[in-house]
Each structure stands twice: as C-alpha cells, then as structure tokens.
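Chemist: Per this note's numbering, residue -14 is the first one in the sequence shown, and the count goes up by one each step.
In case anyone wonders, no lab produced these hints; they're calculated from the structure. Possibly wrong hints are sitting among the right ones.
[To be verified] The following label-pair restraints were derived from C-beta to C-beta distances:
1. V2 x R54: 34 to 40 Å
2. E21 x R71: 41 to 47 Å
3. G22 x F1: 28 to 34 Å
4. M13 x A37: 32 to 38 Å
5. L(-12) x I52: 53 to 59 Å
6. L25 x V2: 32 to 38 Å
7. G22 x A47: 18 to 24 Å
8. D(-3) x G22: 34 to 40 Å
Just so you know, these numbers come straight off a predicted model, no measurement behind them. Note that beta-carbon positions come from the ideal geometry of N, C-alpha and C, so glycine has one too.
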Amino acid sequence: LGLLAARFIVPDANQFVLNQLSAIRNAMLVFVLLFEGWVLWKVIGAVYRKGADVKQLEQDFAMPAWIARLMVLEAKFWKAVWRFVRGK
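The whole structure should be built from the sequences, with the hints applied where relevant.
Modeler: Okay, structure coming up:
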C-alpha cells in the first residue's frame, strides 16, 4: 500500500525509484511466502505424525494448550475421514 500511495506523492521525474522498489518488494514477497510455506509444512508435519503429543506441540511451537489440543483433534478427524474414504 505504501508503494501505491507513493505513486501519487512522488513527482513524475522520480517515479523510476518506485519501479526499483517494486522489484525488491516482489523478491521479498517470494521469500516471505516460501518461509511461511516452510513453517506451515513443519507445523502440519508435527501435528499429523503418528502419536502427536499436545505437550510436545506446546513446547516446539510455543502455542497455547487449547490450540494444540484442537490441532491434534482436527488431525485425528481428518485421518479418520481419510481412512473412511479409502475403506479401511
């Protein structure tokens, strides 16, 4: 939003600076998305592994106990749904 607002504030002669900043913003956005994806992969892997423990999730990811419990319950639910769909 800052770059969008800057398009109206920065004089036309200096607009080239905004184009350079846009490229940096896009590169950083890619990095942030990759990092968020990696964190999501780690959390989902920890929750869906066999024998996921609420206490271990609390310690590893510094989350409240009730959120860890809900995540483990959701993982159990989706595992049961998957077993049902596969017919096992």
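Chemist: Give a verdict on every hint.
Modeler: Going through the hints against the structure:
1. V2 x R54: 34 to 40 Å: 50 Å, violated
2. E21 x R71: 41 to 47 Å: 30 Å, violated
3. G22 x F1: 28 to 34 Å: 33 Å, holds
4. M13 x A37: 32 to 38 Å: 33 Å, holds
5. L(-12) x I52: 53 to 59 Å: With a Cβ separation near 35 Å, L(-12) and I52 fall outside 53 to 59 Å, so the hint is violated.
6. L25 x V2: 32 to 38 Å: About 34 Å separates the Cβ atoms of L25 and V2, which means 32 to 38 Å holds.
7. G22 x A47: 18 to 24 Å: 20 Å, holds
8. D(-3) x G22: 34 to 40 Å: The hint (34 to 40 Å, Cβ to Cβ) holds, given that D(-3) and G22 are roughly 38 Å apart.
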